[in-house]
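Asker: Protein chains in written order, with my numbering: chain B, 1 to 156; chain X, 157 to 355.
Keep in mind that the hints are not guaranteed to be accurate.
Non-contacting residues of chain X with respect to chain B, defined by C-beta distances greater than 12 Å in every case (computed) [claimed, not checked]: (1) D204; (2) T211; (3) R234; (4) A257; (5) N306; (6) M326; (7) F330; (8) L353.
Think about it this way: if two alpha-carbon atoms lie no more than 30 Å apart in a straight line, the pair counts; the simulated DSS-like pairs of lysine-lysine are [said to hold, decoys possible]: (9) X:K230 / B:K112; (10) B:K93 / X:K228; (11) X:K213 / X:K291; (12) X:K253 / B:K57; (13) X:K174 / B:K51; (14) X:K217 / B:K77; (15) B:K104 / X:K174; (16) X:K174 / B:K78; (17) X:K217 / B:K104; (18) X:K170 / B:K94; (19) B:K112 / X:K228.
A partial selection of chain X residues facing chain B, derived with a Cβ cut-off under 10 Å [as the list claims (entries may be wrong)]: (20) R164; (21) T221; (22) M260.
Because the hints were derived from the structure by calculation, they are not lab data.
By construction, the Cβ of each residue, glycine as well, lies at the ideal position given by its N, Cα and C atoms.
Now for the letters of each chain:
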Amino acid sequence: MASYFDEHDCEPLQDGEQPNHLLHMARLLLDSGLGAEWDMEYGSVFGGERKVPPASKASVEALDTHLVTPTEAALEKKCPICLSLLDEEDEVKKMPCSHIFHSKCILPWLEKVNSCPVCRHELPTDDPEYEEFKKHKARAKQREFELDSLHNSMFG
Amino acid sequence: MANIAAARIQREFKEVVKSEEVERCKIKVSLKNDMYNELEGTIAGPPDTPYAGGTFKLEIKIPETYPFNPPKVKFTTRIWHPNISSVTGAICLDILKDQWAAAMTLRTVLLSLQALLAAAEPDDPQDAVVAKQYKDCQEIFIKTARHWTNIYAGGPHRELDLENKITQVMGMGFDEGKARVALSSHNWDIERATENLLS
Chain B
1 MASYFDEHDC EPLQDGEQPN HLLHMARLLL DSGLGAEWDM EYGSVFGGER
51 KVPPASKASV EALDTHLVTP TEAALEKKCP ICLSLLDEED EVKKMPCSHI
101 FHSKCILPWL EKVNSCPVCR HELPTDDPEY EEFKKHKARA KQREFELDSL
151 HNSMFG
Chain X
157 MANIAAARIQ REFKEVVKSE EVERCKIKVS LKNDMYNELE GTIAGPPDTP
207 YAGGTFKLEI KIPETYPFNP PKVKFTTRIW HPNISSVTGA ICLDILKDQW
257 AAAMTLRTVL LSLQALLAAA EPDDPQDAVV AKQYKDCQEI FIKTARHWTN
307 IYAGGPHREL DLENKITQVM GMGFDEGKAR VALSSHNWDI ERATENLLS
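Chain X with its partners taken away, still in its complex shape (with noise of 0.2 Å):
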């Protein structure tokens, strides 16, 4: 088995590369090593989006029986999203789990993905933190979720006042992700972050 997911795998690479996704919406996969079962991708966040100018990589674990079965995928760049979780990158995405298809590619999932990006689904959530926010207060989710492409996927919009919010908070001696977590999870209101923290 392991040599038809090898074999298929091979053959997707030069389909990726030379797809012209790879030049338009820009994703892209790098192989980890010789046996084609670990790959990085990467995918821009999409425009008009708080991911806009962002670039995202994901763990790529290609499993023997694929592809019958899906391949394993999580975010190692950090994002704030309704669909994925703040602390591990876990993905909920049904053609991840029982929708997947053995026609689907590395190509499709990272498109998936990309999509999934622009349309969160909220009422599916792996995060619920996020997801709640998503849905109660949508102007503190752009925010956060830009906040966050900034600082960890490269993103181009700051925004101040949550930076002197999370600066506040490490003044009072907190490590500087920590603070962000418990900011961000509570729509950026500072005693309850700090209480929270120090609980």
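Isolated chain B (complex conformation) (with noise of 0.2 Å):
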């Protein structure tokens, strides 16, 4: 069986360490649905919607690239970004989701954005507060469907 602390994704307490309310009141109040108001809230405060961050450097260096090889150059697939041709002997990079891509115009994007063109697929980002969002948004996923299930096992 799971221990506690995992089953509730924290750690124990240090010994003297207090537990942080605040985070916990915070956290408890973005999960019962005020989370919706306040993300309305944040965006009217702060001007539009919450920046997409780059993907980190080590996940673009990491992926896949080689050459187009005639065999795949037979198949006559496009690149989605420029939309021509994936030509022999063309740098190609591709992404974990399969999806290729010329280097040269995968590389921009990937500057500005941290997933996949076609499909959307995240790459891990370096921006901290980012990575902490998604972890949060994984959670309230996991809650509601820990409640479903919940629901379903008393009155399904």
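Hey, can you piece these two chains together into the complex? The hints should help.
Answerer: Rendered as structure tokens:
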């Protein structure tokens, strides 16, 4: 059985450490549906959408890079960014979601946005705040799922 | 950068022209100049909506950084819709802002706009007055949107009672367009609309 701490995605308090009541309060409020309103408030106060961060340098460097082989070129696939053919000897990069782009096309995109232009598969970022936001979203989703399965087990 | 944008628009242009949506969903793009940075889009109002039968024109401006940044799109045909400004034609749609992806094309943008006409997002409004009417008085909203489609987009359905109210307000010496906006914004209450026109 998972420990209490694993299940609640938190760490045991160190000796002498006090619980962070403010953080817990904030999470409670966000999870109870105030989040949606707060996100809207945030948007109206800070002028617009949350900026999407670029992909982390390490994740871009780690992408599979190769030159288009004659067999690949024969498939006559197009680069989804420039819409021209992937010709033999063109340098291409493959995203973890298997979508393939010209290196010269995908690099400027990943310097702006961390997701695949075709399917939005996300690469990690170097932005700690965004990573925290992503975790928060995943946590909210997980909690929704848990609530659902709890309801189903009681009333299903 | 500029020539990447132009080269891609040229390729896309061919794609839209030969796509079957030109026939089926009725979308169209035409060039405004030979630099491929200004285009005119046309979409047909989707069936079973107040926009059905109307033809809506869009101004499309291609930034030099396209396709890494979205095209700038706004309606030039006036339209009554929660996510489109009834005054300027400015559009509130996530893919034209932070949700843009470089693999999207003029074709997908026009199809998304057509989908937006069929399914408004009143909780993320561009025009607060229209959005409030959409939420609070759905029936009046539908009649108003249909009337605007008839007047500005060549839609087939006339709303005679609304036209009569406009004629009444025009009889008090107001301009037709202003009378239409004031009445539409005040749920076709003549008294409140004229008060608004006088203030």
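Asker: Each hint should be assessed against the structure and marked as holding or not.
Answerer: Verification of the hints:
1. D204: Check passes; 30 Å lies beyond 12 Å.
2. T211: About 28 Å separates T211 (chain X) from the closest Cβ of chain B, which puts it past 12 Å; holds.
3. R234: Holds: least Cβ distance 26 Å, greater than 12 Å.
4. A257: Check fails; 4 Å does not lie beyond 12 Å.
5. N306: Label holds. Min Cβ-Cβ 34 Å, cutoff 12 Å.
6. M326: About 37 Å separates M326 (chain X) from the closest Cβ of chain B, which puts it past 12 Å; holds.
7. F330: holds (34 Å)
8. L353: holds (30 Å)
9. X:K230 / B:K112: Roughly 24 Å between the alpha carbons, so the hint for K230 (chain X) and K112 (chain B) holds.
10. B:K93 / X:K228: holds (29 Å)
11. X:K213 / X:K291: holds (26 Å)
12. X:K253 / B:K57: holds (24 Å)
13. X:K174 / B:K51: The hint is violated at about 36 Å.
14. X:K217 / B:K77: holds (28 Å)
15. B:K104 / X:K174: holds (28 Å)
16. X:K174 / B:K78: Judged against 30 Å, a Cα distance of about 17 Å means the pair holds.
17. X:K217 / B:K104: holds (24 Å)
18. X:K170 / B:K94: Since the Cα atoms of K170 (chain X) and K94 (chain B) sit roughly 27 Å apart, the hinted pair holds (cutoff 30 Å).
19. B:K112 / X:K228: Within the cut-off at roughly 18 Å; holds.
20. R164: holds (6 Å)
21. T221: Hint on T221 (chain X): holds, closest Cβ of chain B at ~9 Å, below 10 Å.
22. M260: The hint holds - M260 (chain X) has a Cβ within 10 Å of chain B, the shortest such distance being about 8 Å.
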